[in-house]
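Asks: The lines below spell out each chain.
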Amino acid sequence: MKSLPFLTIILLAPAICAIIMAFIPKEQVNPIKWLAATGTFISLAMSAYLYGVYDTAAGGLQFVERVPWIKDLGVSYFLAVDGISLPMLLLTNMIGFSAVFASWNLESRHREFFILLCLLISGVMGTFIAHDIFIFLLFYEVVVIPIYIMVIIWGSSKRVTKEYAGMKLTIYLLVGSAFLLVGIIALFVKSIPILGEPNMSFAALAQAGNQMSAFDQKWLFALMLIGFGSLISMWPFHSWSPDGYAGAPTAVSMIHAGVLKKIGGYGLIKIALFSLPLGAKFWAPYMAALGIAGVAYAAFAALAQKDLKYIVGYSSVSHMGYVMLAIGTVNVIGINGAVANMFAHGVMAALFFSAIGVIYEKTKTRWIPDLGGLARQMPLLAVSFMLAAFASLGLPGLIGFIPEFTIFIAGFKAFGGFAVIAIGGIVITALYALRAGANTLFGPPREEYNNLRDIRGAELVPLAVLGLVLIAGGLLPSLLFDMVNSGVEPLMNQLDNALKIGGLI
Amino acid sequence: MQMDFSVIIPEIAMVSLGVLVLILGLILPKKSLPRLGWFTSFSLIGILALVVLNWNNVGTVSGGLYLIDQFSQFFKVIFLTAAILVVFGSMAYVDKHLGGQAEYYSILVFSTLGMMVMASANDFITMYLGLELMTISFIVLVCFRRNDSESLEAGMKYVLLAGISSAVLLYGLSLIYGIAGTVLVVEVGMILAVQQSLPLLLVGVVMLVAGLGFKIAAVPFHMWAPDVYQGAPTPITSFLAVGSKMASFAILIRIFVLGMFGVSLSWGILMAILAGVTIIIGNLVAIPQTNIKRLMAYSGIAQAGYILVGMVTASQAGVKAIMFYGFIYIFAVVGVFTAISYYYNLTGSDEIKDYAGLSQRSPLMAATMVVSMLTMAGIPPFAGFVGKFYLFMTVVENYLWLAIIGLIMSMVSVYYYLMVVLVMYRDRPQDSSPIVVSLPVRMTLIFTMLVSVVLGVYPGPLSEIINKAALSFFMH
Amino acid sequence: MLSVWGAVLIFLIVGVIFGVGGMLAGYILAPRRKSAQKSIAYECGVDTIGPTWVQFRTSYFLYALLFVIFDVEIIYLYPWAIKFQSLGLFAFVEMIIFLAILVVGLWYAWKEGAFEWT
Chain A
17 MKSLPFLTII LLAPAICAII MAFIPKEQVN PIKWLAATGT FISLAMSAYL YGVYDTAAGG
77 LQFVERVPWI KDLGVSYFLA VDGISLPMLL LTNMIGFSAV FASWNLESRH REFFILLCLL
137 ISGVMGTFIA HDIFIFLLFY EVVVIPIYIM VIIWGSSKRV TKEYAGMKLT IYLLVGSAFL
197 LVGIIALFVK SIPILGEPNM SFAALAQAGN QMSAFDQKWL FALMLIGFGS LISMWPFHSW
257 SPDGYAGAPT AVSMIHAGVL KKIGGYGLIK IALFSLPLGA KFWAPYMAAL GIAGVAYAAF
317 AALAQKDLKY IVGYSSVSHM GYVMLAIGTV NVIGINGAVA NMFAHGVMAA LFFSAIGVIY
377 EKTKTRWIPD LGGLARQMPL LAVSFMLAAF ASLGLPGLIG FIPEFTIFIA GFKAFGGFAV
437 IAIGGIVITA LYALRAGANT LFGPPREEYN NLRDIRGAEL VPLAVLGLVL IAGGLLPSLL
497 FDMVNSGVEP LMNQLDNALK IGGLI
Chain B
2 MQMDFSVIIP EIAMVSLGVL VLILGLILPK KSLPRLGWFT SFSLIGILAL VVLNWNNVGT
62 VSGGLYLIDQ FSQFFKVIFL TAAILVVFGS MAYVDKHLGG QAEYYSILVF STLGMMVMAS
122 ANDFITMYLG LELMTISFIV LVCFRRNDSE SLEAGMKYVL LAGISSAVLL YGLSLIYGIA
182 GTVLVVEVGM ILAVQQSLPL LLVGVVMLVA GLGFKIAAVP FHMWAPDVYQ GAPTPITSFL
242 AVGSKMASFA ILIRIFVLGM FGVSLSWGIL MAILAGVTII IGNLVAIPQT NIKRLMAYSG
302 IAQAGYILVG MVTASQAGVK AIMFYGFIYI FAVVGVFTAI SYYYNLTGSD EIKDYAGLSQ
362 RSPLMAATMV VSMLTMAGIP PFAGFVGKFY LFMTVVENYL WLAIIGLIMS MVSVYYYLMV
422 VLVMYRDRPQ DSSPIVVSLP VRMTLIFTML VSVVLGVYPG PLSEIINKAA LSFFMH
Chain C
6 MLSVWGAVLI FLIVGVIFGV GGMLAGYILA PRRKSAQKSI AYECGVDTIG PTWVQFRTSY
66 FLYALLFVIF DVEIIYLYPW AIKFQSLGLF AFVEMIIFLA ILVVGLWYAW KEGAFEWT
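Residue numbers (this note's numbering), protein chains in the order written: chain A, 17 to 521; chain B, 2 to 477; chain C, 6 to 123.
Since the hints were made in silico from the structure, they are not lab data.
Every residue, glycine too, gets a C-beta built ideally from N, C-alpha and C.
From the derived model, a few chain C residues whose C-beta atoms are all more than 10 Å from chain B:
| hint | residue |
| --- | --- |
| 1 | Gly24 |
| 2 | Ala69 |
| 3 | Ile79 |
Distance condition first, Cα-Cα at most 30 Å in a straight line; then the derived DSS-like pairs of lysine-lysine:
| hint | chain 1 | residue 1 | chain 2 | residue 2 |
| --- | --- | --- | --- | --- |
| 4 | B | Lys97 | B | Lys158 |
| 5 | A | Lys42 | A | Lys380 |
| 6 | A | Lys184 | A | Lys174 |
| 7 | B | Lys97 | B | Lys32 |
| 8 | A | Lys184 | B | Lys354 |
| 9 | B | Lys97 | C | Lys116 |
| 10 | C | Lys116 | B | Lys32 |
| 11 | B | Lys469 | A | Lys87 |
| 12 | A | Lys174 | B | Lys354 |
| 13 | A | Lys206 | A | Lys87 |
| 14 | B | Lys469 | A | Lys206 |
| 15 | B | Lys354 | A | Lys42 |
| 16 | A | Lys516 | A | Lys206 |
| 17 | C | Lys116 | B | Lys31 |
| 18 | A | Lys234 | A | Lys206 |
Have a look at the derived ranges for each label pair, beta carbon to beta carbon:
| hint | chain 1 | residue 1 | chain 2 | residue 2 | range |
| --- | --- | --- | --- | --- | --- |
| 19 | B | Lys97 | C | Val59 | 34 to 40 Å |
| 20 | B | Gly182 | C | Val13 | 17 to 23 Å |
| 21 | C | Ala105 | B | Lys97 | 31 to 37 Å |
| 22 | A | Leu396 | B | Tyr459 | 44 to 50 Å |
Required output: the full structure, derived from the provided sequences and hints.
Replies: Next comes the structure, spelled out in C-alpha cells:
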C-alpha cells in the first residue's frame with residue numbers, strides 16, 4: 017500500500033509557507049502571521065497523527081520514504097521515524113507552533129521574521145526524520161544561519177550585546193560541527209571498503225562502524241562527541257548557551273533550548289553510539305563525568321543569576337548534563353531516560369522561555385530584583401511560569417519526574433554512588449527555580465505593573481499546547497516511554513551484541 | 002594534412018565572436034554600443050550550447066597538441082558560463098563607468114578563449130600560449146577604468162606579477178622538458194613514471210607550483226590578489242576570481258595529475274602544505290577587512306586553498322572534487338560580485354559599512370549575497386557544502402590534519418561573511434528607498450542563487466556528469 | 006679524445022678569450038686621464054640640454070606597436086610564401102584568415118585615431 021508521503025509533507029509545510037510569505041507585501045502583517053500558524057499547524061497535526069498511529073509493537077523505522085539522491089556518495093533521500101525520532105519530531109512541531117504564537121506581538125519586520133522562523137522549524141524537523149547522514153548534515157547546519165539573523169535583528173542586548181550573543185552561538189556551534197564533519201566524513205570513507213559500496217544511511221554506517229577497529233572507533237567517536245557535545249551544551253563547551261539564549265528573541269530561545277540542543281543528544285545516540293559501540297564504551301565514563309560536572313556547575317551558576325533568561329539558560333545546561341550522564345550509562349534504561357528527558361526538557365524549557373518572553377514584553381525587564389508580585393496582575397502567566405518551574409525541578413505528576421528518575425536508576429546501576437552528585441543537582445534546581453518564581457510572581461504586587469494585562473488570545477497558545485503536554489506526560493508517562501522504548505530497545509540489543517563480539521576480539 | 006576541425010568549432014566561434022564584436026564596435030553608431038553586451042552574451046550562450054551539444058565529440062587536433070575530452074569540455078562549460086554571467090552582470094557597470102563596450106566585450110571573449118585553450122592544451126607550449134592570451138587580456142581588463150589611479154595601479158601590479166610568474170612557470174616547464182625530452186604531457190607522464198626522483202625534477206616541480214601558485218593566488222604567492230581585485234572593475238574582479246583561477250587549475254591538474262602522476266609522492270605533501278597554509282592565511286586575513294572587494298579577495302585566496310585540497314591525492318576523486326567545486330564556485334562568486342558591482346553603481350562605495358540596510362532596500366541582492374557567501378563557506382543546504390564534502394573526502398584518510406584545518410577554517414570564515422550579513426540585515430538604511438534592480442542583473446542574481454540552492458540540495462546529476470568527465474581525463 | 010661536444014667547448018673558450026682579452030688589453034694598455042667630460046653618462050655625442058626625463062607622445066608607442074605586429078607577421082609569411090605551391094588551398098585560406106584578423110586590428114587602430122598627429 018502506497019500511503020501519503022507524510023514526512024515530506026510535515027517537513028515542507030512550514031518551508032512552503034515561508035516561500036509564499038516572501039511574495040506577500042510586507043505590510044500585510046496578519047496574513048503573514050496566519051500563514052506561519054497554518055504551516056506549523058499542519059506539521060503539528062500530522063506529526064501528532066503519526067505519533068498516534070505509529071505501531072510501537074512492531075517498532076523500527078516506519079513511514080519510510082526513500083529515493084536515491086546522489087549515486088556516487090550512496091546518498092538517498094531517506095526519511096523515516098522510529099521511537100527515538102518521533103517524539104523529537106512531535107516536540108519540534110509543538111514548540112514551533114507555540115513559537116509562532118509567542119511571537120504574535122512582534123513589533124517590526126514581521127515578514128522576514130516569520131519566513132526565517134518557518135525555515136528554522138523545517139530545518140530542525142529535517143534532522144530528526146532524516147535517516148541518511150548526508151541529509152542529516154544538510155539540515156544540521158541549515159538552522160544556524162536563520163538563528164543568527166534572527167538574533168541580530170530581533171534580539172535584546174542586556175549583559176552581552178545581541179551581536180556578541182549571536183556570533184558566539186553561531187561560531188561555537190559551527191566550529192563544533194567542523195569536528196563532527198571530519199568525524200562523519202572519515203567514518204563514511206572508512207565504511208566504503210567494508211560495505212563494498214558507498215552508502216550513507218544510518219543503518220549501513222552503523223553496520224560498517226561496528227566492524228571497525230577499536231582504535232578507529234575511539235577517535236571517530238571523540239570527534240563526534242566534540243561536535244554533538246557542543247550542540248547539547250556539554251560542559252565545558254556550554255558557554256554559548258546562556259549568553260545565546262539571553263540575546264535571542266523569545267521564539268529563538270524556545271526553539272533553541274527546546275529542540276535544537278536536542279539534536280546534539282539525538283545525534284550522539286542515533287549516530288555516534290550505535291555506529292561506534294566500542295568508542296562509546298571507551299568514552300562513556302568521560303561523558304558521564306562531564307555530564308555530572310555540567311549538572312553541578314550549571315546548577316550553582318544558575319543560583320547566582322538575577323536575569324531570568326540566564327537562570328533558564330543555565331538550567332538547560334544542567335538538564336543536558338543529566339542527558340549526558342544517561343548516555344554515558346550505555347544501557348537501555350539510561351538511553352530511554354536520555355531521550356525522554358530531552359523531550360521533557362524541551363517542553364518545559366519552551367514554556368519557560370515563552371513565559372519569560374511575555375514578562376519581558378510587558379515589563380521591559382528580566383531583572384529579578386525589578387520584578388515581583390506579577391501573579392496578581394497576570395495569573396495565567398503565573399500558571400505557565402510555575403508549571404515550567406515545577407516540571408523543571410522534577411515534581412512528580414509533571415513530565416520532568418519520570419525521565420529524571422529513570423536516569424538516576426540507570427546512573428546508579430552503572431556508576432553507583434558517583435551518581436549521587438547528580439541527584440544533589442536536583443535540590444539546587446528546586447532552589448533556584450522556586451526562588452525565581454517566588455521573586456518574580458509572588459510577594460507584594462508592584463504598582464508600576466498594575467496596568468498590565470494578563471496573557472490572552474494568541475498568547476495563550478503556548479500555555480495551552482505545552483502545558484497540556486507537560487501534565488499529560490506526567491500523568492501518563494507510558495505515552496512517551498512506550499514509544500521511546502520501542503525505538504531504543506532493539507537498537508541497544510544490537511549494540512550489546514556488537515560489544516560482545518568486540519570484547520572477544 | 003587534414004585535421005578534424007569539427008571538434009574545435011567552439012574555439013573558432015570564439016575567435017570569430019571576438020573579432021566580430023570589435024568590428025561591430027567600429028561600424029555601429031555610438032549610441033547603440035550598449036547593445037553589444039546583449040549581443041555578446043547571447044552569442045556566448047550559443048557557443049556554450051555548441052560545447053554542450055558536442056559533449057561527446059572528442060578528439061585531438063594538431064597531432065595531440067590540442068586535446069578535446071570531456072574534462073576539457075567541462076572546463077569550457079565553466080569558463081563560458083562564467084563569461085556569460087559576467088557579461089550579464091556587467092552591462093550596467095560598463096555603460097555607466099567604463100565605456101568602450103566593443104573593446105571590453107571583445108577582450109573578455111579573448112580571455113575566455115585563452116582559458117579554453119588552457120583547458121584543452123596537451124603540451125607545455127600550447128598551455129603557455131593559452132595562459133598568456135588569458136593573462137594579457139586580463140591585464141587590459143584590469144586597468145579598464147583608465148582614469149582611475151587605483152585601477153591603473155592594479156593593472157601595473159598585475160603586469161609585473163603576471164610577468165614574473167609566467168617566467169617562473171616557463172622555467173619550470175623547461176626544466177621538466179629537460180628531464181623528459183618532450184613537451185607532450187602524456188609522454189612526460191610516461192617518462193617520469195619510470196624515472197628516479199631527480200633533484201632537478203624537484204626544482205622543476207617547485208617552479209611550476211610557484212608559477213601556477215601566482216595564478217591561483219595561493220599563499221605565499223597571493224599578495225597581488227587583494228590590490229588587483231580591489232582596483233579592477235568589479236565584473237572583471239569576479240571573472241579574474243573564477244576564470245583565471247579555474248583555468249590555472251585546469252593546467253595544474255593536467256601537468257601534475259597526468260604528467261607527474263608517477264612522482265606524486267614528491268609533490269602531494271607540498272600541495273597539502275600549500276593548501277593548509279592558504280586556507281589558514283586567507284581566512285584569517287579576511288577577518289579585519291573593511292572593503293568588500295578586499296574581503297572577497299582574501300576569501301578567494303582561501304577558496305584556492307580548498308580547491309588545492311583536491312590536488313593532494315592525485316586521484317580521480319580529487320579531480321572530480323575540483324571540477325565540482327569549480328562549477329559551483331562560479332555561481333557563488335558571480336552572484337556576490339554582481340550584487341557588489343550593482344550596488345557600487347548606485348552608491349559609488351565598496352565599503353562594507355555602506356551596505357547597511359541592504360536587506361530592506363533590495364531583499365533580492367541581500368539574499369543573493371548571503372546565499373553565495375554561505376556557499377563559499379560551505380554551509381548546507383547550499384552547493385558549497387557538497388563541494389567541500391567531495392574535496393575533504395579525498396584527504397581524510399591520509400591527511401586528516403588537512404581535513405580538520407580546512408573544515409575548522411571554513412567555519413571561521415562564516416564569521417567574516419556573517420559580519421557582512423550583520424550590516425546588511427540588522428541596520429536601518431540611511432536612504433530607505435527601494436532599489437530597482439535592472440533586468441540582466443536580476444536574472445543573474447536569481448539564477449546564481451537558484452543554482453547554489455538546487456545543486457546543494459540535489460547534486461546527483463551534476464556529480465554523475467563530472468564523474469564521467471573526470472574518468473575521461475585518465476583515459477589517455 | 007675530443008668528442009663532438011669538444012668543439013663547443015673550444016668555441017666557448019675562444020669566445021671568452023676574445024671578449025675578455027680585448028677588455029683586458031685595453032685595461033692594461035690604455036692611458037688613464039680623468040676629466041669632467043669622461044664622468045658623464047654618455048661620453049660621446051652632444052651634451053644634454055634641459056631635463057632628460059621628457060615625455061613622449063603616445064602616438065610613438067602606437068606606431069611602434071603596429072610596426073611590431075606587421076614585422077612579426079612577415080616571419081609567418083616568408084615560409085608560407087616559399088612553400089606556397091606544395092601547401093595548397095588550405096594554407097592559403099588559413100593565411101587569408103590570419104591576415105584578415107591583422108587587418109581588423111589595423112582598421113581598429115585607424116578608426117581610433119592612432120595615425121593622427123593632431
